[in-house]
Structures are given as C-alpha cells and as structure tokens.
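Work the whole structure out from these sequences, hints included.
4 protein chains.
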Amino acid sequence: MLIVMKSDATDEQIESVLQVIRDLGFRPHPMPGATRTAIGITGNQGVIDPAHFEYLPGVGEAIRVSKPYKLVGRDLKHEDTIVRIGDAEIGGTTPAIIAGPCAVESREQTLEIAELVAGCGVKLFRGGAFKPRTSPYSFQGLGEQGLKILAEARERFGVYIVTEVLDTETADMVEEYADLLQIGARNMQNFSLLRRLGNSRKPVMLKRGMSATLDELLLAAEYIMAEGNYNVILCERGVRTFADHSRNTLDLSLVPAVQNRSHLPIIVDPSHGTGKRHKVIPLSLASIAAGADGIMVEVHNHPEHALSDGPQALLPEMFKRLVVETRAIHKVMAEFGTEF
Amino acid sequence: MLIVMKSDATDEQIESVLQVIRDLGFRPHPMPGATRTAIGITGNQGVIDPAHFEYLPGVGEAIRVSKPYKLVGRDLKHEDTIVRIGDAEIGGTTPAIIAGPCAVESREQTLEIAELVAGCGVKLFRGGAFKPRTSPYSFQGLGEQGLKILAEARERFGVYIVTEVLDTETADMVEEYADLLQIGARNMQNFSLLRRLGNSRKPVMLKRGMSATLDELLLAAEYIMAEGNYNVILCERGVRTFADHSRNTLDLSLVPAVQNRSHLPIIVDPSHGTGKRHKVIPLSLASIAAGADGIMVEVHNHPEHALSDGPQALLPEMFKRLVVETRAIHKVMAEFGTEF
Amino acid sequence: MLIVMKSDATDEQIESVLQVIRDLGFRPHPMPGATRTAIGITGNQGVIDPAHFEYLPGVGEAIRVSKPYKLVGRDLKHEDTIVRIGDAEIGGTTPAIIAGPCAVESREQTLEIAELVAGCGVKLFRGGAFKPRTSPYSFQGLGEQGLKILAEARERFGVYIVTEVLDTETADMVEEYADLLQIGARNMQNFSLLRRLGNSRKPVMLKRGMSATLDELLLAAEYIMAEGNYNVILCERGVRTFADHSRNTLDLSLVPAVQNRSHLPIIVDPSHGTGKRHKVIPLSLASIAAGADGIMVEVHNHPEHALSDGPQALLPEMFKRLVVETRAIHKVMAEFGTEF
Amino acid sequence: MLIVMKSDATDEQIESVLQVIRDLGFRPHPMPGATRTAIGITGNQGVIDPAHFEYLPGVGEAIRVSKPYKLVGRDLKHEDTIVRIGDAEIGGTTPAIIAGPCAVESREQTLEIAELVAGCGVKLFRGGAFKPRTSPYSFQGLGEQGLKILAEARERFGVYIVTEVLDTETADMVEEYADLLQIGARNMQNFSLLRRLGNSRKPVMLKRGMSATLDELLLAAEYIMAEGNYNVILCERGVRTFADHSRNTLDLSLVPAVQNRSHLPIIVDPSHGTGKRHKVIPLSLASIAAGADGIMVEVHNHPEHALSDGPQALLPEMFKRLVVETRAIHKVMAEFGTEF
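Read top to bottom, the protein sequences are chains E, R, U and P. Reminder that position 16 of the first sequence reads as 16 in the numbering used here, one-by-one numbering, no gaps. Reminder that position 176 of the second sequence reads as 176 in the numbering used here, one-by-one numbering, no gaps. Reminder that position 45 of the third sequence reads as 45 in the numbering used here, one-by-one numbering, no gaps. Reminder that position 158 of the fourth sequence reads as 158 in the numbering used here, one-by-one numbering, no gaps.
Simulated from the structure, these hints should not be mistaken for laboratory data.
When chains are identical, the list treats them as one kind, so a pair holds in a single copy or across two.
Result set (DSS-like, lysine-lysine): computed pairs, CA atoms no more than 30 Å apart in a straight line:
id, residue 1, residue 2
1, Lys202, Lys67
2, Lys77, Lys6
3, Lys131, Lys70
4, Lys148, Lys131
5, Lys70, Lys6
6, Lys131, Lys67
7, Lys202, Lys70
8, Lys202, Lys148
9, Lys331, Lys77
10, Lys202, Lys131
11, Lys320, Lys331
12, Lys67, Lys6
13, Lys67, Lys77
14, Lys131, Lys320
15, Lys202, Lys320
16, Lys148, Lys320
17, Lys77, Lys202
Remember, predicted model here, so these are calculated numbers, not experimental data.
Here is the structure:
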C-alpha cells in the first residue's frame, strides 16, 4: 500500500496518517518529495482496501501494491500445474482439445459427434446437459438424461466428459457423471458454487466472466483452491466490449498474462468468444500460437440441419482439419521452445 | 426477424431461404431492392436466433426484430408497477430511499445507523448479512446473526429490511427475516437463484450485472416474474468500462430506457456505482432528476472510524442533507409533471 | 513512482534498481516489507513511464504516482475558473445553457431556432457549419455560408456563437465568426488542432473523446493551456461501452471527478450522449443535479419535419420547459450550497 | 431499412409511415405479423439514419440494413487487394513484417536497428519522426531531422520507410520521405487528414481507433479511397476495454471479420496492443495464425539501455527469432490453404 499526500498536506496531516498506520500495526515509510510526500506501508499480511485511507485529511491517493491472491500465484508455486484427467492432460507439453456439441440435444446427435471427436484422437468431449440461458423461455438442457447420454459416449468411445455445473443443487448429480466440471462465465463469481467445486475431487474448468479482470479470475480460482481442490483450469472465452463484429472480444493477451502470474493452465474457447463459425478456426490457431494450453470448440454433425445447430459450431470436415492444423502449429512452436 | 440477402444472391438461393422459412411454419415476405433482397419473417411466436439463418447460401445478415421478453414489457402491461413493502412503496409518486450500512458489522453499529435512517423518515433499511466478496480471504458477513440484528432494528425503529440473498442455500433463512430481497450484480444471471426468488412472496430488488445489457436485465427480471413473483424492482449500480476515475460507470440513461420498455420500477445505487463518498451526493441527486423511482445509499455512523467503514458510505450529516435535498429536487420535478 | 520488487528479488537486484534511480538523478526510498521490498522515487520533475523499470531484473511492478498535468490541476490554481463570453459565463453561479440545431441547414431554420433560444433567455447558441461525419457520403455542413448565417443570428438576437473547429485549415475562418470554439470528441487528441486553438484568444470547449480517460481529457486541455489560452471548458458527451440502449453511455460521475482535480468548468451534452430525444430532458436535469456547470442541447424548430431533424433534438415546447426546469433544479441546489 | 411498428399501432399510423416512405421516393413493403407490422424500405441509394423514423407515431424501432460503405467492400471488388511498396507487398501470399524503433531517437540508434531489421530479410522499416503524445510535455519526435535519418536508413540498407503522418501541416514533408504513410489510432477519424492522404500517391496504413467499430474503420478507409487512393492497409492495434492486464485489448477477431467484408489487407500491431514485451511474441504469432496479412513490431538495439527504450520493444535476439517463427507458422498455414 502506498499513500500519496496532497501537495499542500501539512506536517500535522502527514504525522496523523503515520499514526493511523502505526495504530493498525503496520510500519509507515514516509518519502518527502519535491512537491508532495508519499508514504509506503509494510507489514500488512492480508488485503487492505486502498480506499480506507483516501478520506483522511491531506491524503491525495492510496494505491494497492501487493496482489491479493496466494495459491494461484507463482510466488508460492513456480512450476506449471498440469491437470490430469485419466490419461489426458491439460497444461502439459501438448495443447489439449476439448470438443463436442454446445448442448446434448439427443442420444443420436451426441454419440455421432463423440465418435467423430474420438476418431480424431481427441479425448476430451464436451456437451451441456444443464444450459444457462438468458431467456427463461429458451431450451434449458436435457438434465440428467443428458448426463446419461454423455456417460454412454464415454463408455463407447473412451472420451472424458466435460460438462457445466450450473448450480449447487445439481452439483452432486453432475459430479457423478462428469470427468471435468465446467463453471460458466456467468457463474465465475457464484461463490457458493466455487466453494462447492472446491470440495470436489474432480478437476474444474473456470471460465472468465464477461467483464472479469485478470485479478478477479485468479481470485475466483483462489476460492476453489482455498477449499482444497488444486486442479483448476482457466478458460478465456471473450469479454464484452463496444465491438459489434463479434459476439464477444476474444482477449488472447490473457494467455501470456495468466502464465506470467499463475501456474494454472489456461485454455481458450473461441466458439463462444466469436459466435461465428468462420472465425473459430483462425482464432483457434491463434490461441495455440499465443501459447494457450488448449482450446475448446463446438462441433456439430449435420450441416444440413445447420438451422438447429449453433452457427458457431464447426462442421465435421472443419473440425478434422482444425485438429491437424492445431497440431502442426504446436509442432512449430515446440521446435522453437517457449522460453521467450 | 429480417433476412438480408447478399447483393449477388441468386434467385435459387432466395427461393431456398423462403422455403426454409415456410418449412419452419413461418411466413416469408420477400422485398427485392435495388442492390439486394430482404426477406421479412412473420408468424414466429417465440425467439428465433438470427444466427440460424446466417450460414444459408446467399444470406448476408439476419436481424432480430421482436423483443424476447413478455411479462416485464409495456406491451402486456401499460401502467407502472408500484411495489409495496408494508406502508412503503417503490414506483409510486415519491422517490424511495433505501439506506444503511454496507454490511452488518455489529449490533451497536447497525442499531445506531437504523436510528439515524429512521429519524430522517426513511423507511427502507439496508444492510448485508451475507456479503459477496471477490477474495475468499475477505470478511463474508455475519450470516444469521446479522439477520437477527436487522430484525431487531426493524422492531425498534419501524424500518423495513432490505438485504441480499447470496445463494439458494441461504434463501429460506434470509426470506424469513427480510422484507425486500436483494439479488446482487454478480448474481443477475444466477438463474437458479432468480427462479427461487420468483417463488417467494417477498418483493425482489434485482441489481444490474456489471456488463449486462438492458435486454439481459429485463430477461433476468422475466425469470423471476415467470415463476409468479411480480414484485420486482430493477436497480442500476454502474457498469464496467475503461473509465478509471470511478469504480464503475453509473449509467443513468438506463432510467428512461427502462421506463420506456418496462413497467417495473427502477432505482439507482450511486454508492457502489461510484465508489467514492464525494460522488454519492451529486449522483444521488442526478438519479432523482433523471426520474429514478428511488436511490439506495450506504451510511455509516462513526466518521472517526472511517477507516473501517467503506469510503463510499455517507457520514450522518451528509445523509440527512441528502434526504432533504432529494425531496426538494423531487418536489421541483413533481411540479412540472413527468410527461415529457 | 513506486517500484515493487518481486518476492524473490535478491539484494543485488534491489541495489541495482536503487543505482539506476540514482543514475537518473532521482532519490530512491527502499521499504523492506514482510514478503517484498518496495522502492519509492522522489525528485522527478516530469513524467517517467512506469514501464521503463518493469524489465529490470527482480522488478515486479512500477506504479505511477504523480499526476502528469499542471496547468489544469487544482494544485496550481485552487479557485474555479469562470470562462466569460461577453456577458455570458460558464463556471459561475448559474448553470449555462448552450442550445441550437445540430447543423446549420438553412438561414431560415437557423434564425428561427436562434429566436426561440434567445426568447428563453439563453445566450449561447450552437450550430455546426463544419460537421465531422463517419461516412464520406454524408452531409458535411454548409461551411463559411453556415458561419455567416450564425453571425446573422448573433446580430439579430444577441446570442453568442458556439461552433466546431474541425481542422487547422478552417480554424482561422471559424475563429473569425465564432465566440466559443468547440473541439469535437473525435479531435480530442488532434494535437495540432489543440495547439492551434491554444493560440487563439477565443475560449475553447473541449469535448471528451469517445474512450478518453479523465487524465487524457485533462492532458488535452493542458495542450491548449500550455500555449497560453486559459479559457477552456470541458464537456462530457458520453463514452463508448457495450451498452446498447443508448448511443453512448453518459458518464455523469465525470462531473464531480473533474471538479475534484481541476479548476476548469465542466458541462454535459446529453443530446449526443444519449442519441434519443426522450432521454435528453431527464439527463439534462440529472447533469445539473450532479453539479455540472451547464448543458448543451440540440433544438429543432419544425416537429412536422422531424424526419430531417435529428431524433435527439428537442422540440420547441420541450426546450422551453427544459430551460425552466433546469433553473428550478439549480435554484434548489443553490439553496443548499454546493459544499459537500 | 426496416421499420417495426408498435404492437398497438393503428392502421392510420401504419399508412402514415408508408406515405412518408413514398414521399421520400422509396418503396415501402408492409409485412403484417401476429403481434405487429414491420415495413421494409427499398430504393434507398445512400444512407438513411434509422433514427429519422423512430419518432413517427406508432413506430417501435427502425433498423439499418445496408452497409454504408462501397469502395472498401467485397460487393464491389471480390478479390483481395495487394498493396505493393517497391518489391515488398502487403496482402500477398507471405505475411509482411514491419519493424523498427517506436521513435527515431538518433541517427546511430536508427541505423543500427535498420541494419538488424534488414539483416533478417525484413524490408519494411518503421520509425516515428512525428510522435502523437498524450502529454504536451513529452518528447514529440525529431521532425524533419528524423525523416532524413530514415531516408538514410533506406539508402544504406534497402528498406522501405513506414512512418506516421501526424497532421495535414506536415503531410507534404512526410510524404516526400516515406514509402508507406501511417495514420495513427487517434487520427482514424481526422477526416481532413484522411482526405489529404487520399490524394497522395503513396500507400496508406490506417490504424484502428481506440474505440472504433469495424464499420467506422472501414468508413475511414472509404474516406481515403473516395479521394482516389486505393492502396490502403488496415491495422488492428488493440481497443480500450475494462481489462487492465494489458494496455489495450488486442482484438484478433477483427482479422477474419475484415477479410469477410473487405478486400483490403489487414495487419496487426501487437506492440502497441499489449504494451509489454513478453506478450509481443505470443500475440505476433497469434496474429499470423489468425490469418493477418502481416505484423508491425517495435525493436530496439540496446538492451542495456532498456530504460530509455520502450518496454514493449523486442530485443534483437527476440526479433530475429520472431521473424523465423513467424515464417514457420505461416508455412504451416500455407500448406493447409486458407479457404475455410
């Protein structure tokens, strides 16, 4: 914490701020400057809200200095975390691919897509059984029936199941069927849900909220880890901005930023980030080139029924090609190493 | 829904889009133009995702036309909704004031502030017993003990209790003590919670999410109303933007925009919107002048302990003055009428 | 400037940063903390880019502390600046109203509106002769002919002319006719234009850029003042956000924020900020209630030709009422004083 | 243009809107629906502001349908534009690299970096002689002296010069020395400057404004092309959002979006977009993988003077590696083709 006094702050005001800091059990470090005095504070173990000092007489500004998270940070754990799901891994040497339909709509559709996905050597299969929908009148998912279909896909094709946990009420049920539990963007700060999954033994994929800062994303992960679940994967899926040419603005600079501060793996979801199929492949490749630990994409099986499928889902041929190209780009990256 | 064909779309492509529309049971209205053809669609009762048409050959763009909400809209109910809480009301002729501490910290603090608030003739008393916190290491509220303190404040000073429901787990408990149930900004799209409070007989105040559009806010209210609870109050509390001179950017244009589309009352929370005490009074008065149905502000009692209180909370003298000034501004407004 | 070292920074790295600071002629103030060391820097007269230190070994973060502006700040000049235009003033005790058509379209239209505006006792008449347009194919203004019409309005109705200077090429011409020179939002960082008007003897109204921070707005004003023109008025006109219910998001919290840091007057333009007529009156009143030094609104004269007028322009009766109501609200504010 | 009537619009109101459309010389296409009537408009050659219809009685909404640009769009010109600068090209089969210092600081620095850049086989050399600066007290560039140094670099190392034109006053001078004229983000809507460079015979690189939509960027390019200069290159450099982990949010989804609508080449500047060196390489590679026609990066020569160089500039070894890696990634892309 740093307190910057106003240029016309009196000696009494400065002394009074020093005393407040001492009273709190911290140590003040006054630094008289040409036009104003700044006061550093050390000794604070937890988080102090800078705003607390802002109304003391003579104070110009209070600036937070230390980061408020611990378990997610590289200060405590230097080496990268690798999350293992059976014989698949996220955060290891190869970028992970998570693929499947947006929602489980039927047994037939789901098994067909699972077969396609598994056939490409992709082990992580996604599909929503409980869907968060902006309108109460939209399709909300098949629920447990959907989970059973996903479980069948796992049995038949050897894939691992990635699916969203929408609320604490259905967490037990989803946990029973899924291999990797997804927390959606709207729930990034649903603290009860974060804590619930912090008590799960299944790994958790946490999507960035639509207007979440990096710190908020890391602190949401900290909620999960603070409960004892250290297998957390972060996921960039686009943020909300003024830009209207894509549904969200995919923020790939989050990838190196996360890697700089945290040991947790970070993947990218360009399907939701862009909302348009023709942008999914370019931005998937871009995610890999930016160093992401993986991508999550939506695939559908029946181009002729494109009407009922999401316009952001890849057609089978596009997906096959994406898998090949992703690996080719990663191979180039691996040859050069990643130590910039 | 309106489909705009590309300028080089062929007659076959246009006919094919017309057929798809007919197959869906809707009625197409082709409009050949100088450079391109547009196709209107009528007959759709529910919501069609415009994106569904975007990948049909020859289609340039698909544009949504109808609004996706019903119960919140003025189409179904023209006159303004007035929410009554005992003998207090929100949405009536006088702007409501909701005031109290950010969090219930102690019995003494809470009762002192409640006395101050009630002494100004303000009937709606706010205070958080369950607090959503970005960091797992921050104070999370007193829980039921806090609710009991609030109930005591009600008994002693005749105020009504406004407090946040953080999750479905604690909803029963909060519902038992509170008079007006608050849904926080982070929970605006926590659909399980929305549905739970839609089944409550207590009125609900729904805060706008940090990057929620007007439509999303109205659809979140629709979730509550669709369950049968029609006593919903909307609350603007600032959105997240690039601007760094205030914690959030208070969006007062939401007030007339809500009033244009919905019959629900809309209030403003300038304490959270601005994050700084010296901005709370100007923006409270601005909210009333913009036509809001009320304001919600934070008050604290011990200026000498300003350190532990929020820097956005008003001191007692500031609050007393705000109440008087609010009423004076509203009186001016009322003299001129509100029919612009 | 404050340098925060990494938690694992070595003593050598810290000493090396101290030396760099000394070499630059500044004074370092090391503050060893529980987990990391911070280093304050004093003695810097100008602006140092914090980023410069960020790549020195062991450095975690570099944080700017001093504000980079001088002439616009309250540090150098405590009392509010009042800009006088003839016998009108902005920043004085009464909120200023600037009104007129968006663009000068014809002599008849302009004179009619000027008569209406002057008839309400409003002295500052706006109208664009050179119009910035997003598309090269849109109407770009009447140019000098428009300026002559404005000058005629001044002569006949005793109003002062507020009009935009679009570029340095036409600055001389506009300066000759206008009483208050407007710099549009798109030109807020057109530094050649800022400097040109800094050399004018006419006062300047500087509109905030569509995504300008408070600091950038103040520094743009600093460009003008640094050339010797101290008669600068700031203008909030809405910023660009994700919100889609209004053309821009009017940021009224800028008003108290500017007043906190700068002595320059700040007015609000709700016509451009909201883009819709039914929002202009509520947000005009809100601006006054927020403490703005004035408002700028668009007015048109022929409701029956609303087609060719901007949908954000007020009809004559609306404008008359706005003037009366603005004054009534200001009267309430004045009775209570403005010292919060 | 599509007009959506309110659900309670009367037949008279609908007829009246139809008549207004006919009076304007357009053709109305009424489409009665279950709950409301929509009216299509055809025959409009130019741009109609949708807002013009919004205040006619019974009108609910007016929606713009046609895109307002012509020359930049793929409707008029299907095949990609390739901009040639001597024997270099942008928009061709190989991604272009533009590299050099942020500002020309000295002859020695500039020539050293030019030698490094040319030595990597990179032909486009950037360097600012006139610098746009937020503060009037910051270094504003060497001016003509800087241009002469750049010209010397061209002579000695055979590179082409890319440099910014800051204003119309200095346009003649810059045009004389430069091979590719850059328009900075702050000037994207400086229409006088756009028109001035539209009359140049040198190609122009237009950077996206900090909060510019895709349409605004394309219309700014339209200004240049409307004057006759068809050699325009677009440049994404990050937009301003709430995100605070990077200086700007690099919006790579703009790349496929531009390619979808326009034939103009689009490059990416990750140096300004991210503001941090460790993000420049990942995001450069990501830009290429997203299909950009090139990148523009900052390079500095003296890591030991990193203090005075920008923290976003690449060190020589990093740059060499970036060039190699960029080409390797592009090679992968080329093998797979780009027809998604």
